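Using the sequences plus the hints, can you model the full thing?
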Amino acid sequence: MNEAAELHSVIKTYQEGESRVHAVDNVSFALSAGDFAVLAGPSGSGKTTLLNLVGGLDRPDSGEIFLDGKKTSDRTDDELTDIRLHRIGFVFQAYNLVPVLTAYENVQFILQIQGVPEKEHGTRIATLFHDLGIEGLEHRFPPQLSGGQQQRVAVARAIVGNPAVVLADEPTANLDSETASQLLDLMYKMNTERGVTFLFSSHDPMVIERARRVIRLHDGKLQSDEKRS
Amino acid sequence: MTWLKMGWRNLLRNPGRTLIQIMVVGGSLFLAVFMIHLQEGSYGKLIDEGVRMGSGHLVFYHPKYLRERQYGQLFDPAQMLIRLASDPRIIGYFPRLHLPGLARSSHNNRPALMLGIDFEREMGHSPLLDPKRVATGTIPFGQPGLAFIGDKLAKDLQISVGKKFVITLPGNNGEIVSKAMRLGGTFRTGVAQVDRSAVLIDRKSLAALFGAPGLVHELAIRIRDRQELPALKAELELSFPASETFQLFSWEEAMPEIYDAIRLDRAMGQLIVGILFLIVVIGIANTLLMSVMERTREFGLLRALGLSTSHIRRVVAGEALAIGIAGIAVGLLAAAIVTKYYGTYGLDLTSLVGGSTEVAGMLFEPVIRPIWVVDRMILRAVVLLVLVLLASLYPTRQALKIRPSEAMRRY
Ligand SMILES: Nc1ncnc2c1ncn2[C@@H]1O[C@H](COP(=O)(O)OP(=O)(O)O)[C@@H](O)[C@H]1O
Ligand SMILES: [Mg+2]
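Sequence order for the protein chains is A and B. Be aware that the first sequence starts at 0, since it is given in numbering that gives the first Met the number 0, and climbs by one per residue. Be aware that the second sequence starts at 0, since it is given in numbering that gives the first Met the number 0, and climbs by one per residue.
Just so you know, these hints were derived from the structure itself, not from any lab. Keep in mind it's a predicted model, so treat the numbers as computed, not measured. Hints may be right or wrong, so weigh each one.
Claimed, not checked - Which bits of chain A does chain B cover? Going by a derived footprint, with three or more residues having C-beta under 8 angstroms, they are:
id, stretch
1, 67-81
2, 84-92
To be verified - Straight-line distance between alpha carbons at most 30 angstroms, and here's what the computed DSBU-like set of lysine-lysine pairs gives:
id, chain 1, residue 1, chain 2, residue 2
3, B, Lys151, B, Lys44
4, B, Lys63, B, Lys44
5, B, Lys151, B, Lys178
6, A, Lys226, A, Lys70
7, B, Lys400, A, Lys70
8, B, Lys63, B, Lys178
9, B, Lys154, B, Lys131
10, A, Lys69, B, Lys400
11, B, Lys131, A, Lys118
To be verified - Among chain A residues calculated to face chain B with C-beta under 10 angstroms, some are:
id, residue
12, Gly43
13, Thr47
14, Leu56
All C-beta atoms in this analysis are idealised placements derived from N, C-alpha and C, irrespective of residue type, glycine included.
Here's what the structure looks like:
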C-alpha cells in the first residue's frame with residue numbers, strides 16, 4: 000500500500016523562556032492511504048504541533064516529512080501554501096469557516112482557488128452536502144449553523160479538493176458527545192465510501208476508540224502505534 | 000465568489016465604520032470635483048470678462064505690439080473683416096486703435112488713453128458700453144464728433160455733457176496732433192484706472208486724426224464657445240499666416256496676467272486636493288489595518304487553507320476596492336447634484352467678499368456658476384480609487400505576517 004504521509008525522526012522544539020520544550024521528539028511513522036488514524040494523548044503532548052508539521056503549517060527542526068512520496072519538510076513557504084491547497088484538508092477545533100461566506104461558498108472557495116472549472120462545482124458540492132447530511136443549509140452563514148453543522152461543513156471543505164490526507168485537530172472537542180459521535184460516523188463514512196485518509200487528534204477515549212489506528216503521543220514522543228480491524 | 004463581493008461583506012460586518020470610510024472617500028472626492036467645477040466656472044467668468052473688456056478670445060496684433068505697445072505698430076484689417084463676418088462661430092469682432100495722449104479742458108489736463116472703437120459693433124459686448132454703466136449723457140452712436148469718457152476723468156477735467164475738451168496725441172508722422180471733441184456721455188465701471196483715463200472715440204475719426212486711415216492696433220475676436228477656440232485659431236492662422244505687420248494671438252498670450260492667475264489657482268487647487276487625498280489614504284490605511292488586526296485568526300485560517308500571498312492581497316484589496324467604489328459613487332453623485340444646482344442658480348459669494356471685486360483690473364461679480372469638467376472629474380475619481388487601493392498595501396503586509404500555525408493556536 001502506498002503511503003499518504005511519512006515522518007522520519009521528526010523533531011520540533013520551542014524555546015519557552017529559559018527552557019526548551021520538545022513539542023515533537025523524534026517521531027517516525029507512516030500513514031497509509033485509506034487510514035483512519037487518531038493521534039491520542041493528553042493536552043500538551045504535541046498533537047497540534049505534529050499535525051501542523053504534517054500539514055505544512057510548520058517546518059521541523061530536523062527529520063523529514065513526505066506527502067504522497069514527495070518530501071515537504073524542505074519546501075519554501077510558497078510551495079507549502081500550494082501543498083496545503085492541493086494535498087491537505089484541514090479541520091480545526093472551532094471557528095473553521097470564513098464568516099462572510101455561506102456554507103456553500105466556504106466549500107466552493109477551495110475549488111475556485113484550486114482552479115477547478117466552475118461547472119464541476121455544483122455536483123461535487125451537492126453530493127458532499129448530501130452525504131454529510133447538511134443539505135438545505137447551503138445558503139446559511141456560519142453563525143446561523145450549530146457547532147455540529149459547522150464541523151460537517153468544515154469536513155466537506157476539507158474533502159472537496161481531493162486531498163492526500165485530511166488532518167483534523169480535535170474536531171469534536173467543542174461538541175457534545177452525541178453530536179461528536181455523529182461527526183465521527185460521517186468521517187468514517189467518508190473514509191470507507193470515498194477512501195479519504197484521515198489523521199485526527201483527540202484526548203477523548205470515546206473518540207479514540209472509534210479509530211482504526213491509534214498513535215499515542217506523550218511529551219512529544221511516540222508511545223505506541225496500534226492498528227485495529 | 001469575487002474578491003470584491005467578499006470585501007463588501009467583510010465591510011458590512013462593521014457598518015458604522017464602513018459608513019464613515021465611505022463618507023471620507025466620498026466627501027473628499029466631492030470636494031475635489033466640486034472645487035474643479037467651481038474653479039473652472041470662475042475662470043470661465045474671468046476669461047469672458049477679460050475677453051469682453053480686453054483683447055477677445057483671439058486677437059490680431061502687430062507681432063511686437065504686446066511687448067512694445069508702439070503706436071506705429073499698425074496693420075490693415077480689411078481682409079480679416081471680410082473673413083470674420085461669415086463665420087457662425089464668431090459672435091463679434093472689434094477693430095480698435097489705442098493711443099495714449101492728453102485730455103485738456105479749460106480747467107485742467109490729464110493723461111488719457113484714446114480708444115478708437117466702432118460703437119455699433121461693440122454694443123452688447125464691451126462692458127464700457129453697458130447701458131447700466133452710463134453715468135451721464137448717452138452713448139454717442141453715429142456721432143463721430145462726440146466722445147464717451149470715464150466719469151472720473153470728466154470730473155477731473157471739470158466738464159459735463161455737451162462741453163468741449165481737446166485731445167492731444169503724437170501723430171503717425173511724428174508730429175503732435177490735436178482735436179476738439181464734445182462730451183457725449185460718461186460711464187462708471189468701478190475700475191479706477193478705466194474711469195480715470197479712458198476716452199472712447201469713433202475709430203475712423205481717430206484714425207484720420209492720427210494719420211493712418213483704415214489701420215488698427217488691434218482686431219479682437221469674441222467666439223461663441225471656448226471649446227471651438229483651438230480649431231478656429233488653426234484655421235485663421237492658415238488664412239492669415241503671421242507676417243511682418245500682424246499675428247494672431249489667443250487670449251492666453253494676449254492676457255498673460257489672467258492666464259497666469261488661472262494657472263496659479265489651478266496649481267493651488269491641485270496641491271490642496273493632493274493633501275486632502277493623502278489624509279484620506281492615511282485614514283483608510285489605518286482603518287483597514289485595524290480591520291486586518293481584528294481578524295488575525297481568520298487570516299491564519301485562510302493561509303492554512305492554502306491562500307497564497309496574492310490571494311491575501313486580493314482579500315484586503317477587495318475591501319479597499321469596495322470602499323473606494325462606494326465612496327466614489329457617493330462623491331460623484333453629490334458633486335453632480337451640487338454642480339447642477341449651482342450651475343443653474345449660481346453660487347453667490349457676495350456676502351463672503353463684500354460686493355463686486357476687481358480682479359486684474361476688471362470688474363468681477365462674485366456669483367459663480369460651476370461648470371462640468373468631465374475629464375478631470377474622472378481623472379480625480381480614478382486617482383482616488385488607485386490611492387485607496389494603495390492604502391491597502393500596508394495592511395496587506397501586516398496580514399501576510401500572520402503565521403497560520405500561531406494564529407490558529409492563539410486566537
Ligand atoms: N508556539 C509555541 N511556543 C512555545 N511552546 C509551544 C508552542 N506551541 C506549542 N508549544 C508547546 O509544545 C507542547 C506541545 O503543544 P501542542 O502541540 O499544542 O500539544 P497538544 O496539541 O497535544 O495539546 C506544549 O508544551 C506547548 O506548550
Ligand atoms: Mg492541541
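task = Verify the interface restraint on Thr47 (chain A): the C-beta must sit less than 10 angstroms from at least one C-beta of chain B.
result = Hint holds; Thr47 (chain A) Cβ to chain B Cβ min 7 angstroms, cut 10 angstroms.
ask   = Lys131 (chain B) and Lys118 (chain A): Cα distance at most 30 angstroms?
value = 77 angstroms, violated
Given hint Lys131 (chain B) paired with Lys154 (chain B) - CA-CA distance at most 30 angstroms = 19 angstroms, holds
message = Can you confirm whether the C-alpha distance between Lys63 (chain B) and Lys178 (chain B) stays at or below 30 angstroms?
response = Holds, at roughly 29 angstroms.
query = Does Leu56 (chain A) pass the interface check with chain B, least Cβ-Cβ distance below 10 angstroms?
reply = Given a least distance of 4 angstroms, the restraint on Leu56 (chain A) holds.
ask   = Between Lys69 (chain A) and Lys400 (chain B), does the CA-CA distance stay at or below 30 angstroms?
value = Distance of about 27 angstroms is within 30 angstroms: holds.
ask   = Taking 30 angstroms as the top limit, are the C-alpha atoms of Lys226 (chain A) and Lys70 (chain A) close enough?
value = It holds: about 25 angstroms lies between the C-alpha atoms, which stays within 30 angstroms.
message = So if I understand the rule, the pair passes when the alpha-carbon distance is 30 angstroms or less; does Lys151 (chain B) with Lys44 (chain B) pass?
response = With Cα atoms ~26 angstroms apart, Lys151 (chain B) and Lys44 (chain B) stay inside 30 angstroms; holds.
30 angstroms limit on alpha-carbon distance, applied to hinted pair Lys151 (chain B) and Lys178 (chain B) = 21 angstroms, holds
query = According to a criterion of three or more residues whose C-beta lies within less than 8 angstroms of a C-beta of chain B, is the stretch 84-92 of chain A covered?
reply = Since three or more residues must qualify, the claim that chain B covers the stretch 84-92 of chain A holds, with 5 doing so at under 8 angstroms.
message = Under 10 angstroms is the threshold here; is the Cβ of Gly43 (chain A) close enough to any Cβ of chain B for the hint to stand?
response = 12 angstroms, violated
inquiry  = Just to be careful, I want the Cα atoms of Lys400 (chain B) and Lys70 (chain A) compared with a cutoff of 30 angstroms; is the pair within it?
reply    = 25 angstroms, holds
In summary, the numbered hints that this structure violates are 11, 12.
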